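Respectively, the protein sequence lines represent chains A and B. Quick note, the first sequence lines up with residues 18 to 173 if you use our numbering. Quick note, the second sequence lines up with residues 95 to 296 if you use our numbering.
Calculated from the structure, these hints are not laboratory results. Heads up, a few of these hints could be off.
To be verified - Some chain A residues flagged as far from chain B (calculated, every beta-carbon gap over 12 Å):
#1 20
#2 26
#3 48
#4 58
#5 80
#6 86
#7 127
#8 130
#9 133
#10 146
#11 163
#12 168
Unchecked claim - Ranges of calculated distance between the beta carbons of each label pair, as one might list FRET restraints:
#13 A/54 with B/218: 52 to 62 Å
#14 B/230 with A/64: 50 to 60 Å
#15 A/165 with B/206: 16 to 26 Å
#16 A/50 with B/292: 25 to 35 Å
#17 B/228 with A/79: 53 to 63 Å
#18 A/49 with B/177: 22 to 32 Å
The structure presented is a predicted model; accordingly, all values stated were derived computationally and were not measured. Ideal placement from N, C-alpha and C gives every residue a C-beta, glycine not left out.
Next come the chains, spelled out residue by residue.
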Amino acid sequence: MKRHFLTTAAALLLALGAVGCQDTVNTVENRDPAMTPDSVDTRAFSTDSFCRDRLALISMRRSTTPGGVMMVQAQIRSERYGFWSELWSGMTGTNPYHVLYRFDWLDGSGMAVSTAANAWQPLIFAPGEVKFIQGVAPNARCRDFVLSVREAPSAR
Amino acid sequence: MRHSTLLMTAALSAALLCGCSTPARRIDPTTQGLTTVRDVNTRDWNDVAARAVNSLIASGALVRPDGRKAIVMINQVKNRTGSRARTQILTNKLRQAMLASGKALTTTAVGGRGPEDNATRQVRELENDDLFNQATVQKRGTVISPDLSLSGEIINQSTRAGRTTENTFYFHVVLTDLATGLATWEDNFEITKQETVNIFGY
Chain A
18 MKRHFLTTAA ALLLALGAVG CQDTVNTVEN RDPAMTPDSV DTRAFSTDSF CRDRLALISM
78 RRSTTPGGVM MVQAQIRSER YGFWSELWSG MTGTNPYHVL YRFDWLDGSG MAVSTAANAW
138 QPLIFAPGEV KFIQGVAPNA RCRDFVLSVR EAPSAR
Chain B
95 MRHSTLLMTA ALSAALLCGC STPARRIDPT TQGLTTVRDV NTRDWNDVAA RAVNSLIASG
155 ALVRPDGRKA IVMINQVKNR TGSRARTQIL TNKLRQAMLA SGKALTTTAV GGRGPEDNAT
215 RQVRELENDD LFNQATVQKR GTVISPDLSL SGEIINQSTR AGRTTENTFY FHVVLTDLAT
275 GLATWEDNFE ITKQETVNIF GY
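Taking the hints into account, I'd like the entire structure generated from these sequences.
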């Protein structure tokens with residue numbers, strides 16, 4: 018009985034230790050924002066349930082640069098916080114969370130526009146961290162975009 | 095008997111060594127490319143180029159008030175790191191992005207290390223060659239001078255603590271207005287890589 022208790026206590030301590038080592042991000046912002054963003058209605062197609070559950074798209078906004086090209090910004094938060102998420106990522110060595118993202122741009126006819134900037138780019142999230150990723154259209158003919166996100170191999 | 099055992103052992107060792115090789119194949123540099131601490135790798139170039147292109151296009155620095163396309167000269171991006179970084183990879187991607195933007199054209203008649211394409215000057219030397227129809231020879235005074243110059247440098251800082259080595263590459267890119275000498279756009283991009291070797295040093 019005593020041995021069982023000790024084992025459980027040790028396991029619990031280890032788990033708490035693993036979770037306690039995580040540095041989660043805490044945020045604060047003004048309750049009544051003064052900004053008037055142009056939000057984009059999004060439609061997602063997700064094939065990776067892990068990535069879908071670990072990242073939350075908070076907002077997707079669009080604006081125009083001084084050169085007249087479209088610019089979009091995705092606000093993404095890492096959902097890998099909380100006891101079990103932190104325990105798992107601590108045990109598997111996947112904290113911080115590494116993902117890759119890429120913007121593809123489409124012209125008015127829906128044809129993809131080639132750009133030097135559409136390579137997969139790395140992004141690293143601490144638990145609970147909010148990041149803003151921005152994509153700029155290669156030229157003023159671009160009307161739409163597709164944002165792709167995937168886990169980096171080191172995140173698995 | 096002993097000789098055959100030795101031969102067998104040697105053959106088995108050779109077979110094992112051959113089994114460790116990987117035939118040449120195409121890879122996805124984003125996920126399968128090599129990452130080394132001391133060098134700028136393919137995925138680093140892609141990442142920095144994408145960030146630089148986004149920053150440059152978003153800045154609107156290529157837009158001229160008169161509506162004419164800006165003419166950009168590609169100057170040097172100096173490599174001040176210890177590694178053999180090919181900085182043309184970055185400038186080539188930037189010039190591709192500038193052309194695609196529709197706001198600028200790049201000139202190959204002048205460059206940081208002389209003209210990238212000598213042909214602009216060479217064809218004008220045909221004006222005294224009676225082999226050529228002089229009406230078709232390019233005239234002097236028609237080449238357009240650049241408005242902007244793209245330049246930059248890459249530096250790095252390396253730190254070592256115990257078995258861990260950290261190397262940060264700093265990319266600094268500038269677009270200069272040649273009329274005024276003022277920088278109309280500049281940005282910095284950093285890439286930090288870290289490696290911890292085992293007690294045997296690899």
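So, going through the hints one by one against the coordinates:
For residue 20 of chain A, the condition that its CB be more than 12 Å from all CB atoms of chain B holds, with the nearest at approximately 36 Å. No beta-carbon of chain B comes within 12 Å of the beta-carbon of residue 26 of chain A; the shortest separation is about 33 Å. The Cβ of residue 48 of chain A sits about 29 Å from the closest Cβ of chain B, beyond the 12 Å cut-off, so the non-interface label holds. Non-interface status of residue 58 of chain A relative to chain B is upheld: no Cβ of that chain comes within 12 Å, the nearest being about 23 Å off.
Non-interface call for residue 80 of chain A relative to chain B: violated, since the shortest CB-CB distance, roughly 10 Å, does not exceed 12 Å. Chain B draws residue 86 of chain A into its interface by the beta-carbon criterion, the shortest separation being 6 Å against a cut-off of 12 Å. The claim that residue 127 of chain A is not at the interface with chain B holds, since no C-beta of that chain comes within 12 Å of its own (minimum 18 Å). For residue 130 of chain A, the requirement that its beta carbon stay farther than 12 Å from each beta carbon of chain B is not met, with the minimum near 8 Å.
For residue 133 of chain A, the shortest C-beta to C-beta distance to chain B comes to about 4 Å, within the 12 Å cut-off, and the non-interface label is violated. Residue-level check passed: residue 146 of chain A sits 17 Å from the nearest beta carbon of chain B, beyond 12 Å. For residue 163 of chain A, the requirement that its beta carbon stay farther than 12 Å from each beta carbon of chain B is met, with the minimum near 15 Å. Not every Cβ of chain B is farther than 12 Å from the Cβ of residue 168 of chain A; the closest lies at roughly 10 Å, contradicting the non-interface assignment.
Between residue 54 of chain A and residue 218 of chain B the beta carbons are some 54 Å apart, a value that agrees with the proposed interval 52 to 62 Å. A hinted range of 50 to 60 Å holds for the C-beta pair residue 230 of chain B and residue 64 of chain A, which are about 58 Å apart. At about 36 Å, the beta-carbon gap between residue 165 of chain A and residue 206 of chain B misses the expected band of 16 to 26 Å. Between residue 50 of chain A and residue 292 of chain B the beta carbons are some 50 Å apart, a value that contradicts the proposed interval 25 to 35 Å.
Taken as a hint, the range 53 to 63 Å holds for the pair residue 228 of chain B and residue 79 of chain A, whose Cβ atoms sit roughly 55 Å apart. Between residue 49 of chain A and residue 177 of chain B the beta carbon distance is about 51 Å. The supplied range of 22 to 32 Å is therefore violated.
Checked against the numbered hints listed earlier, the structure breaks hints 5, 6, 8, 9, 12, 15, 16 and 18; every other hint is satisfied.
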